[in-house]
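Visitor: So the chains spell out like this:
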Amino acid sequence: MHFAYPPRKSSNPPPYFPKGSRSPFLRRNRLQTIALCAVGGFLLFFLVSKLFGSSPESIPSGTPPVVLVTVIEPERSHELSDKIKENRRQYAELHGYATFFANNTDYDLDKSPKSWSRVPAMRHAMTEYPHSTFFFYLDENALITNHEVDLIDDIMEKSKLESLMRTNIPVVPPDSVIKTFAHLKGDRIDLVLTQDKEGLAHDSFIMRRGDWAKYFLDAWFDPLYRSYNFQKAEAHALEHLVQWHGTILAKLALVKQNVMNSYADPIREQASDAGAAREGDFVTYFGLCDNPPRNCENEMQPYIDKATRQYNKMN
Amino acid sequence: MSLSRSPSPQRGGGWSSPGLTTPYNSSSRRASPMRNYANGSPSNVTWASAQARSAEVRGYPAFSTRNTSSWIGKHARRVSSGLSNLPLFRQSSYAEKEKLGRGRWPPGGGSRAADLARMVGRTIWRMRLRFILVISIILFTILFYVTPLHQHYRRTAWLGGGSKYVIILAANVGGGVMEWKGPREWAIERDSVKNKKAYAKRWGYELEIVDMSTKKRYAHEWRESWEKVDTIRNTMRKYPHAQWFWWLDLNTFIMEPSYSLQSHVFNHLKDNVYRDINVYNPLKVEHPLNASYLDPDTRAPEGDGKPDSINLIVPQDCGGFNLGSFFVRRSIWTDRLLDIWWDPVGYEQKHMEWEHKEQDALEYMYRNQPWVRPHVAFVPQRRVNSFPPGACGDNGDDPKIHYSEKDRDFLVNMAGCEWGRDCWGEMYNYRQLSNRLNRSRWDRFKDWIGDYMKRRREANQRREEEAKKKDS
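In order, the protein sequence lines correspond to chains A and B. Residues 1 to 315 in the UniProt record's numbering are what the first sequence spells out, letter by letter. Residues 1 to 472 in the UniProt record's numbering are what the second sequence spells out, letter by letter.
Worth flagging that the hints you see were computed from the coordinates, not collected in a lab. As the structure is a prediction and not an experimental result, all values here were calculated from the model. For each residue, glycine too, the CB sits at the ideal point set by N, CA and C. Take these hints with a grain of salt, some might be off.
Said to hold, decoys possible - In silico DSS-like pairs for lysine-lysine, Cα to Cα no more than 25 angstroms straight-line:
1. Lys306(A) with Lys111(A)
2. Lys284(B) with Lys238(B)
3. Lys160(A) with Lys185(A)
4. Lys111(A) with Lys350(B)
5. Lys50(A) with Lys270(B)
6. Lys197(A) with Lys179(A)
7. Lys270(B) with Lys306(B)
8. Lys85(A) with Lys185(A)
9. Lys232(A) with Lys114(A)
10. Lys194(B) with Lys111(A)
11. Lys85(A) with Lys313(A)
12. Lys350(B) with Lys232(A)
13. Lys238(B) with Lys194(B)
14. Lys50(A) with Lys238(B)
15. Lys350(B) with Lys406(B)
Said to hold, decoys possible - Simulated coverage check for chain B against chain A, where a stretch passes if three residues somewhere in it have a Cβ under 8 angstroms from a Cβ of chain A:
16. 287-295
17. 341-347
18. 369-377
19. 453-461
With the rest of the complex left out, here is chain B (with noise of 0.2 angstroms):
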């Protein structure tokens, strides 16, 4: 093409060139352009009208004249187009007039994510049964841990079990006519007290506090202050559906409330518990039985060793039994045995050297009534009363017997603090340490951070100290 003319400027703007441009409308491969179109020439076409134009072709704009300063707008727009995508909304497009599928691209510009988005959608969706299934049971869960429910599933007898369980816990020995109770008394049943109400109330057992004062209550004043027999039957009265009775000494602390009765001890009770008491033996017990009267139950070394033959499981301290924290279950056996346990002849012979009354007349018992063995079983000391260092011996590092914190045991019996030991200082410590011990995952890591501060800050001082040194 050559230059017959020279340029001359043009309506729409700007220079015709055409030997040198290329002509907007290169269809009509003429030298000089038309004049005049029908319906807008050609020649108007901007590269602003253009760029607005494909934008609506394209289904999004580069920007648009609506909403541009609204977030809120610009998003509505791409939720209100992605929820034709869902199967709910898409039946209306299936009204348009293209062939489902094709020709059309997915909205979202059908990135990965977006993909996978969809996708996961479309699951919940095929799945939603399932699905709300799953989130209802993590609902309830939650509400079953938040709500007392759970407090309510564990005491049922039928669900948790915990209503057969009862404790009893011996509060005001000796009390009334021997001494005056003074604040550290006080303050040891008050804490011992709440210790074993919260662990009740958290498993939905039954707690049964009972004063153990001296009280002018029976017609043979040597009865008197044997009375752990008598609580006993009437704690069995009062609770006529119990099982189970766990008697608890007032100087003992529960250190680890998180173990159940059951799964500690009770769920598997032949795991838990020895019959034979030659496993530890400090009484010097002989047995099995030898004589040949015996039939062969009471001469086996575990009676029948069925678990259910169990009434009575007694855990043994250095010194023989510990009457501290042991457990007796309701049934014929245990009545008789309750029935037996005090006696007037055997009281008058031996009064003088029971000192630990019931707990020398139980050992008596097991030694001489061979109808109380196959019935027996024990429990190592440390399940379900550890002692404190004080107790049995100086040293206090009898892996059978001491409180150990890194097995969490857990149950702290101070056995024998009353006799020049401080008490109220040992349940105050173990106190102390069962509440760090078991402090939440929170107050966890809140205190590792404060350590973590404090030995900076400690490293610091060290470290400014050294620096002093140095300059003097």
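Chain A extracted, bound-state conformation (with noise of 0.2 angstroms):
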């Protein structure tokens, strides 16, 4: 309908003026409800970026969470070394880890023994896998020689580390004065050893990425230790450092042989009270195989056949 004229005024007006044009959802009261939401989310925000903003970065999805690292000696027979590398791929398919090899004479180590590479190796594993949690060293001459072990769910997570790892005990054996740590949390841990009968074993060791393995890898590989003369290079310089220097000491976790480095027949006598060989046992470890009369490839050919097996059962 249309009207001509407004329509009429009220003969009796209310007695207050009618309420402006305002929307009336603008109200004074309210508009402070809002700002008061707005300054609390603000802040909720806030607190939230600060709390979770200082955590690690994010991890792209399909990173493997542990990396495998093996340094060739590529003067060898390629067949034993193919053999080899394949061992590693296999534990690595079957559990979706990585595998890094790398050539001993790939890295600038100024006239130092060839065994020194372990330590530039381990540095180039960290750089080509920036995201991957767990760094595993492993010896040319050492076999993974059980590929039910997972590196992770039974050696290097947290409750289990703790439980396996040895506090209080010299160092170096047998009598250093410096003992490993009594109260150390397994998920501090960002370095994890073996010792045999003579004093550290670093032919297989496990690292955690980070600021820390930098810090450690570099000083080890220090040319003033390369240049030292240790009697035995990386080894004594290794235990030179956890024994001086306190920061390195205190990420360091010693672990019974036989969880990840038990001695092969041969060498058996070198290794620590529970460091021989038994069925079953993770890794095993040759020596030094390739001195006469000894033969790595006799020597490693029946494991090599077993976790074989044992690979294409499980696949």
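Hints are included, so try docking the two chains, each in its own frame, into the full complex.
Guide: See the structure below:
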């Protein structure tokens, strides 16, 4: 309907002025509420971002949690080297891990023994896999002999590692005055090592990637250590490091030898108490099997065959 | 009007001369003055009484019978009449039976200055809340700087943040076993300590004076006199909430105590330091590292580029790193560095070469241990560690290294003064210079006057001498 005239005014006007044209939605107290909510929201956002903003970098999906590192002597028979690499690949494939192989001639060692190359190789692997958590160095002369052992679940998982690690024992056997710390948390451990009868074994060790790992590897690789003529080169340099520097000792856990570094029969007398290889051990190490009359290929072949059979069964 | 009769004297004084003068009561229009009026004859009006009456009407007398001698009395009246114009008192004047603002002139005669004053007064009154606020802010500011309040403020961690900085001053270097201290050494120590104490107090920093005298303290005798590391660690333990630790040798003098560390270095850390050593590289360190096995951050010339990752700030003089004045931050990285800094294997091979001990070892680590680089930054030498002319070259004019009075450099490090230079003399001169540069305005003014007088006196003397010469 259309009205020609505006409607008549009421003859008894309301005692107050009618409310203005302002929308009732934006009443003052409601505005206050909105402002308070906004401030509260921002505060919450700020707190949350503060709390979780410093969390470690986001790890892209598909990143292998563990990388197996092995340094290969290129002058060796390629057949054996391929078998050794295949042994790592089988394990990595079964557990979703990755492998990293380097030649011991890849790095500038400046006249120091080639065995030093494991140190820059670990650093290299961490550069290549910048999001993986654990890096497992396994010497060329060692084999994974039980594919069922999972590196994370059976060794590095926090409570598992706490139960495995040996506290308050001399770092370097038999009688170093420096002892491993008694109260360490499993998730704070960045380096897992074993001891054999003579000292720290560095043919099989696990590291956690991080700033500490860079520090440790760079300090270990220091030219002054390499030029010092330690009798056993990098092995003695390592023993020196852990005994003299508390920031390294505090990140170190020692585990029994058969957890990750059992010694095969020919070198079983070098092993510590629980170090001789037994059925079902995770890793078997063959020592310097290149030196005649020993022969690596002959010694390793039965273990390789067995591991391959296990791989085929599990696959 | 004709003069019908001769003028005759009247009672009020004077002569009545109706023909010649204007009659006092012109309305009467009579030829002869009236004899009597009921209430005071108009002929009684004298000049003086008329003036007095008009003064009453006008409100302010040209002269007053009361208070003529008292100045206060005169002004009190003006003040009290002015008060009625202030709103506080005006209410009473509303009671007057006249219409507001009509036929009344504002007191003060309506002069322009008074208008202005009244306007200002009214504005102040209207904005009294704001006015009180401003006044109290000014008052608080003055109070803040007069009382020790500003020191508390600067100290508090979450306000000024002064307690986050610790100055470590190494006193008594090599003392104890090596040599006895003479009066000059004591004087140097006293001056240096006093200087740092005043600075630390001014900005609320912590000052830790450490005794660096050589003592038999370590199982390993090589370790002796490498105590910088242990000292820093102990200090870190002593001040668990401090963040930055500033190492200072004894032979240093803070020339400009008005610079705070925050404003001078840390607030704009990124702009005040350089991380790429190629900017100034007296050691010719190869940088950045190019070994392919290293991670990208380590190979980058500036680390990750974030100021948060800087944990060590070192100046470089003409010969490399200089640890006479450097900063180290509490961090895990620092723990590691302090731990690995001294190593017996390194020492055994290098102690003949490393005559500067920690300094050389740090340079060595910077060169050879890649993990160190991304966390080290360099500060231009003159920002925190200017040298006197005697150090680093004989000319003392290297603009990167030597103290410049004109630029008001922050600190002087009399490095190497104990070898063939006069430590105490240098310290004394720099102290005097610092005092002169930082004197107050009043002193500056006095000095200016003094200089002016002196110059005039000298000019006079010269003129006299010239005059004498001419005479002779």
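Visitor: Next, verify each hint and record whether it holds.
Guide: Verification of the hints:
1. Lys306(A) with Lys111(A): Cα-Cα ~39 angstroms, so violated.
2. Lys284(B) with Lys238(B): Measuring from Cα to Cα gives roughly 37 angstroms; hence the hint is violated.
3. Lys160(A) with Lys185(A): holds, 11 angstroms
4. Lys111(A) with Lys350(B): Holds, at about 19 angstroms.
5. Lys50(A) with Lys270(B): holds, 23 angstroms
6. Lys197(A) with Lys179(A): holds, 16 angstroms
7. Lys270(B) with Lys306(B): Between Lys270(B) and Lys306(B) the Cα gap is close to 8 angstroms, so the pair holds against 25 angstroms.
8. Lys85(A) with Lys185(A): Roughly 33 angstroms between the alpha carbons, so the hint for Lys85(A) and Lys185(A) is violated.
9. Lys232(A) with Lys114(A): Given pair Lys232(A), Lys114(A) holds - Cα atoms ~12 angstroms apart, limit 25 angstroms.
10. Lys194(B) with Lys111(A): violated, 54 angstroms
11. Lys85(A) with Lys313(A): holds, 19 angstroms
12. Lys350(B) with Lys232(A): Holds - the C-alpha atoms of Lys232(A) and Lys350(B) are around 21 angstroms apart, at most 25 angstroms.
13. Lys238(B) with Lys194(B): holds, 22 angstroms
14. Lys50(A) with Lys238(B): Outside the cut-off at roughly 29 angstroms; violated.
15. Lys350(B) with Lys406(B): violated, 42 angstroms
16. 287-295: holds (count 5)
17. 341-347: holds (count 4)
18. 369-377: holds (count 4)
19. 453-461: violated (count 0)
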